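*Asks:* Quick note, the sequences are listed as chains V and G, same order. The first sequence begins at 1 in our numbering and counts up one residue at a time. The second sequence begins at 1001 in our numbering and counts up one residue at a time.
Don't read these hints as lab results, they were simulated from the structure. Be aware that a few hints might be false.
Subject to a maximum C-alpha distance of 25 angstroms in a straight line, what follows is the list of computed SDA-like cross-link-like pairs (lysine to any residue) [what the hints assert, rightly or not]: (1) V:Lys108 - G:Pro1106; (2) G:Lys1070 - G:Ile1060; (3) G:Lys1057 - V:Glu26; (4) G:Lys1071 - V:Val46; (5) G:Lys1009 - G:Ile1060; (6) V:Lys38 - G:Lys1009; (7) V:Lys3 - V:Lys108; (8) V:Lys16 - V:Ser61; (9) G:Lys1057 - V:Arg28; (10) G:Lys1009 - G:Ala1081; (11) G:Lys1070 - G:Thr1005; (12) G:Lys1083 - V:Gly43; (13) V:Lys108 - G:Asp1038; (14) G:Lys1071 - G:Thr1020; (15) V:Lys108 - G:Lys1057; (16) V:Lys38 - G:Thr1111; (17) V:Lys108 - V:Glu44; (18) G:Lys1009 - V:Pro41; (19) V:Lys16 - V:Val46; (20) V:Lys38 - G:Asp1038.
Every value quoted in this text rests on a predicted model; they were computed, and no experiment measured them.
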Amino acid sequence: AQKVTQAQTEISVVEKEDVTLDCVYETRDTTYYLFWYKQPPSGELVFLIRRNSFDEQNEISGRYSWNFQKSTSSFNFTITASQVVDSAVYFCALSDANSGYSTLTFGKGTMLLVSP
Amino acid sequence: DGGITQSPKYLFRKEGQNVTLSCEQNLNHDAMYWYRQDPGQGLRLIYYSQIVNDFQKGDIAEGYSVSREKKESFPLTVTSAQKNPTAFYLCASSTDIAYNEQFFGPGTRLTVL
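Between the sequences and the hints, there should be enough to build the whole structure, so can you do that?
*Replies:* Written out as structure tokens, the structure is:
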């Protein structure tokens, strides 16, 4: 069975601080994909990144960066110089390789509160 | 603009009534999904459909039903058999390519009184 654990339920930071959101996953598949989504107060999930199991390169997109380590089954997400607009719930998710379609297993999410 | 629409945004029903949540997409995606979100629980898969006239149960399908008569539409019915239907419901779609990201609608918040 697949599982995604986001141990941090809620994180509070002050604007301009860096913050890392942790994600640990479990799967028996050798081929899988990992995702991060952002859910602002409006409720709609916004796709941030997809990473496949064969690509362990870190990725940076503006203030966002992701650290994928298969050795520790982790896919952590760092926001540099956080802003109030970053306040949201962030979900890490894992794809199901067996179905051939991207049925996702989600973690419970981490609520990030960025105060001015 | 391409996207996914869900209506209504807020829905109230009396206990014991069936209710149908709408989901429409104009992204030409083959696959569509329904999730339920409860506070602190993340998203849980209810049903998904890979092609028209075909759908599969997800992790929490009991008390729910779906249909997929058109590629663009994937309505979800919350039946009276669902013991705790009050939740936030999210619809999503993806292409037929494996492992592609899912795109989500704005969600419907259902409250059963």
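*Asks:* Does each hint hold? Answer for all of them.
*Replies:* So, going through the hints one by one against the coordinates:
1. Pair hint Lys108 of chain V plus Pro1106 of chain G holds up; C-alpha atoms about 19 angstroms apart against a cutoff of 25 angstroms.
2. For the suggested pair Lys1070 of chain G and Ile1060 of chain G, the alpha carbons sit about 23 angstroms apart, so the restraint of at most 25 angstroms is met.
3. This hinted pair checks out: Lys1057 of chain G and Glu26 of chain V have alpha carbons roughly 22 angstroms apart, not beyond 25 angstroms.
4. This hinted pair checks out: Lys1071 of chain G and Val46 of chain V have alpha carbons roughly 22 angstroms apart, not beyond 25 angstroms.
5. With a C-alpha separation of about 22 angstroms, the suggested pairing of Lys1009 of chain G with Ile1060 of chain G holds against the 25 angstroms cut-off.
6. For the hint pairing Lys38 of chain V with Lys1009 of chain G, the CA-to-CA distance comes to about 19 angstroms; that is within 25 angstroms, so the pair holds.
7. With a C-alpha separation of about 10 angstroms, the suggested pair Lys3 of chain V and Lys108 of chain V falls inside the 25 angstroms cut-off, and the hint holds.
8. Using a Cα cut-off of 25 angstroms, the hinted pair Lys16 of chain V and Ser61 of chain V holds, with the two alpha carbons roughly 17 angstroms apart.
9. The hinted pair formed by Lys1057 of chain G and Arg28 of chain V meets the criterion: a straight-line CA distance of about 22 angstroms does not exceed 25 angstroms.
10. The straight-line distance between the Cα atoms of Lys1009 of chain G and Ala1081 of chain G is roughly 23 angstroms, inside the 25 angstroms bound, and the hint therefore holds.
11. A distance of roughly 15 angstroms separates the Cα atoms of Lys1070 of chain G and Thr1005 of chain G; the hinted pair therefore holds under the 25 angstroms criterion.
12. Restraint check for Lys1083 of chain G and Gly43 of chain V: satisfied, since their Cα atoms lie roughly 24 angstroms apart, inside the 25 angstroms limit.
13. Of the pairs offered as hints, the one joining Lys108 of chain V and Asp1038 of chain G holds, with about 10 angstroms between alpha carbons and a cut-off of 25 angstroms not exceeded.
14. Proximity of Lys1071 of chain G to Thr1020 of chain G is assessed by CA-CA distance (about 18 angstroms); at most 25 angstroms being required, the pair is judged to hold.
15. In summary, the hint linking Lys108 of chain V to Lys1057 of chain G is supported, as the alpha carbons are separated by about 21 angstroms, within the 25 angstroms threshold.
16. Restraint check for Lys38 of chain V and Thr1111 of chain G: satisfied, since their Cα atoms lie roughly 24 angstroms apart, inside the 25 angstroms limit.
17. Between the alpha carbons of Lys108 of chain V and Glu44 of chain V the distance comes to roughly 16 angstroms, so the proposed pair stays at or under 25 angstroms and holds.
18. Pair hint Lys1009 of chain G plus Pro41 of chain V holds up; C-alpha atoms about 14 angstroms apart against a cutoff of 25 angstroms.
19. Between Lys16 of chain V and Val46 of chain V the CA atoms are separated by roughly 22 angstroms; this keeps the pair inside 25 angstroms, and the hint holds.
20. As the CA atoms of Lys38 of chain V and Asp1038 of chain G are separated by approximately 16 angstroms, the hinted pair is consistent with the 25 angstroms bound.
Going through the hint list in order, the structure satisfies each hint without exception.
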